[in-house]
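Asker: Chains W and R are the protein sequences, given in the same order. For what it's worth, this note's numbering labels the leading residue of the first sequence as 3, then goes sequentially. For what it's worth, this note's numbering labels the leading residue of the second sequence as 1412, then goes sequentially.
Since the hints were made in silico from the structure, they are not lab data. Accuracy of the hints is not assured; some may be wrong.
Straight-line distance between alpha carbons at most 27 Å, and here's what the computed BS3-like set of lysine-lysine pairs gives [claimed, not checked]:
no. : chain 1 : residue 1 : chain 2 : residue 2
1   : R       : 1775      : W       : 272
2   : R       : 1855      : W       : 238
3   : W       : 58        : W       : 11
4   : R       : 1775      : W       : 320
5   : R       : 1855      : R       : 1838
6   : R       : 1855      : W       : 132
7   : R       : 1815      : R       : 1608
8   : W       : 320       : R       : 1512
Partial chain W-side listing against chain R, Cβ under 7 Å, derived [said to hold, decoys possible]:
no. : residue
9   : 325
10  : 356
11  : 360
Using C-beta positions, here's what the derived DEER-type ranges look like [as the list claims (entries may be wrong)]:
no. : chain 1 : residue 1 : chain 2 : residue 2 : range
12  : W       : 284       : R       : 1862      : 31 to 41 Å
13  : W       : 66        : R       : 1686      : 40 to 50 Å
14  : W       : 21        : R       : 1789      : 54 to 64 Å
15  : W       : 293       : R       : 1723      : 48 to 58 Å
16  : W       : 115       : R       : 1777      : 27 to 37 Å
17  : R       : 1606      : W       : 213       : 50 to 60 Å
18  : W       : 284       : R       : 1606      : 44 to 54 Å
19  : R       : 1862      : W       : 295       : 51 to 61 Å
20  : W       : 293       : R       : 1771      : 40 to 50 Å
21  : W       : 73        : R       : 1872      : 36 to 46 Å
22  : W       : 6         : R       : 1790      : 38 to 48 Å
23  : W       : 125       : R       : 1818      : 37 to 47 Å
24  : R       : 1854      : W       : 293       : 26 to 36 Å
Just so it is clear, CB atoms sit at the ideal spot from N, CA and C, and this is done for glycine as well.
The residues making up each chain are set out below.
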Amino acid sequence: MNKKTPEAKIIVALTQVEELSLKKKRDILSVLPNPTDWISEKHSKTVEKVLGDKHKTEFLTKYSLIDSTMEEMERKEVGWVTYYDEEYPPLLREIHDFPLVLYVKGNVSLLTSDCIAVVGTRTPTRYGQKVCDSFTHDFSRAGLTVVSGFARGVDSVAHKACVTTDSPTIAVFAAGLDVCYPAENRGLYESILSSGGAVISEYPLGTKPLQYHFPERNRIISGLSRGVFLPEATLKSGSLITARLAVEQGKELFVVPGNINSPESEGTNKLLQEMPHALVIESEDVLSRLGVRAVSVDTEVVELNICETLIVEALHDKELHFEELLEITSLSAGELSTMLMNLEINGIIEQTGGNFYSLS
Amino acid sequence: MLAKVKSYALDGLQGYAIDTEVDINSGLPGYELVGLASTATKESKERVRSAMKNSGLLYPMKRVTVNLAPADTKKEGSAFDLPIAIGLLAASEQIVSKKYKDYVIIGELGLDGRLRHVNGIMPLLLSALQNGESKFIIPASNAKEASFIEGIEVYAMERLRDVVDFLSGVEYKPVETSSFASTCANHGYGVDFSDVKGQSVAKRALEIAVCGGHNVLMIGPPGAGKTMLAKCVPTIMPDMSFAEAVEVTKIHSVAGILDAGVGIVTTRPFRTPHHTTTVPTLVGGGNKATPGEVSLAHNGVLFLDEMPEYSRRALETLRQPLEDRHVTVARVARSVDYPSNFMLIASMNPCPCGNYGSRTQVCKCTPSQIHNYVSKLSGPLLDRIDLQIEVDSIQYDEFRGKEKPETSAEVKARINRARAVQAERFKDDGIRINAEMESAHLEKYCALDEHGERLLQKAFDRLNLSARGTTRILKVARTIADLDGSVNIESKHVAEAIQYRGLDRKYNR
């Protein structure tokens, strides 16, 4: 990482060129496989033909400034991994439009670890959040690195699930690493880094999150991973793109079925209709298909008293309101509050908005 | 000839003596009022002249000079009409007796000679009483208010003519003293805790809040019943003592919102300023430095509905009165201190559209909108709010139990018991209730046992609580233990206290 070989400098300079399309980057690599040729007089014509006049000039300007650009990145603790480096994710190298350079902040060693992508709708229902949270927990407990796109919704839930258990996670940005998008995830950005995770992007610092960056970003998410997991997706969701990309890239796809009346599950249900084999109903399904051993959790044994048992049994198959629980237990409001908090702290139940409770 | 009549004026809640000197000289007819009188005071000339004429008295056609001494403080209001009129009558020898010199005379005149209502009679009379005055003449409509002050002789008069007759020797009856207790018995709140169906969590939290004097934030969608709950809070607060009632009455009297027919505030105030309120109306001010809502809510409840809708400045100015329990209103000419010992109850929607976290409704707000909405409440302000509870709207018919909800009186009895425990505990500490505890008190009275510590630690890990909330959890746990009759804070008390960190729990997920 952070190599300053001539090749590395040239490749990094090329990725610094603004709005240079993926196709051009790929073309120049296939025409002139050796990056040192890109700046030689001899191939000047070829380079111009592939990149176009404007982008070629910009490329050469960026190249002349590359030393200061690299210094600036080092100062901002942003590293770069070119496809020559051994830190470059091996799985990503196999896709046909792999990024030439990955900018990385945080734990670089994650790039070569076993990854699984978790993607989905930006507006998950409570069901989707719960599924995403519990599956993600199991993935990271089993030693997989969870990769996601740092977007609102499922992406954020997945990252947060990792962060709360101090497990590493990779966030793939559709913007430069110094551009926090969406802005409300600034706290999450910091906690991903502090819990040993990494944020990566193929775009240079300062790049804005443009619309076409998102599908491009999706190919990295699936490309890095051994499989893609979808807890919930709408019909128009970008995560369906990721899912199809994953299939094209030859990755495993894991889809959770949802309520047929819920618009947030329309995409996943449709996907399951096409690819029934992708169906998973527990994290064990995913892990066994990836050949990863599930790690059983040391469950704490909590002794429940009569009333607590009553509460847990009542919540067995549905959410209940505080008032209903009062009725069932005939306790005072204060006593019931105490009991519910104890159960919640022990991770047995959870408050699900308003004063409703359910088993967790 | 010169006449000097005693009167009183107000500076905030403090009254001070004003000597109304009237001198009649020979010369061209004229009227000069000196002594930094405001416009309303200066206009007394016309009221006094017409009132005298219409009462069958003679306005002296000579050169009249009136001085309101001390001459260098600004005089506001119309309460000097009557002393000026009496001064004129004495100076023109239409009142011969010197009896008027024994009385403090206060009142506004109507053109027909009637005495009109004056604001701030209670604080005026109390200050005068402190300064050794004991005989007063006031307008009849202020009689009730004065009747609660013991040890004074008050004559409440309908008209100027009656005052003249009285000062000339006709017998009038002084105002009879009223009993505070029987007045209270006749005036209730009109609502009761038992009117609220369901809402057990919120009711329990409010009971704890009142017991320990904690401030409360209620989070819930529109129509969940937050306002109704808040309205019931004064009904479970301990009954006002006479001293407390007098404090409140003084402020309300100065502000002119006292019910003249009752004459004293018998119920704890419940103030709900609208969210467009300005800083001066909230904390007090204006060129007269009048009391604001925080002072009008003294000894009662200040309810801020839709708290994030209030202007940031208005909310931040609440911090000082919440902390110090009094507020100093400084204006160019004067600086006035008003008490402001109120319980703050605030309510808010969970998000701008009101549906965030709802089970049945879809929230249409973006995360940044929600973030901006919640972050309108600054950390330092939230630090002063010990309990945050979620209130949700729900059809209670489905859940209605067989038992009738508790009445305010039953809840109040429990609160009174726990308040007595607190008073006993803090008798050497200079504080009264748990909410007033400082860090030294927390160490002394809120030590947790091993179980409690472990529970708290676990809660922090599991529920993403902010460490900032620890002291508030401890204070609330102390109150819960007091309600439970327990000397030590046990882990179950801590567990319940954590339940009331709704804001942290809702938005830190």
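Asker: Of the hints stated earlier, which fail here?
Answerer: 2, 6, 8, 11, 13, 14, 19, 24
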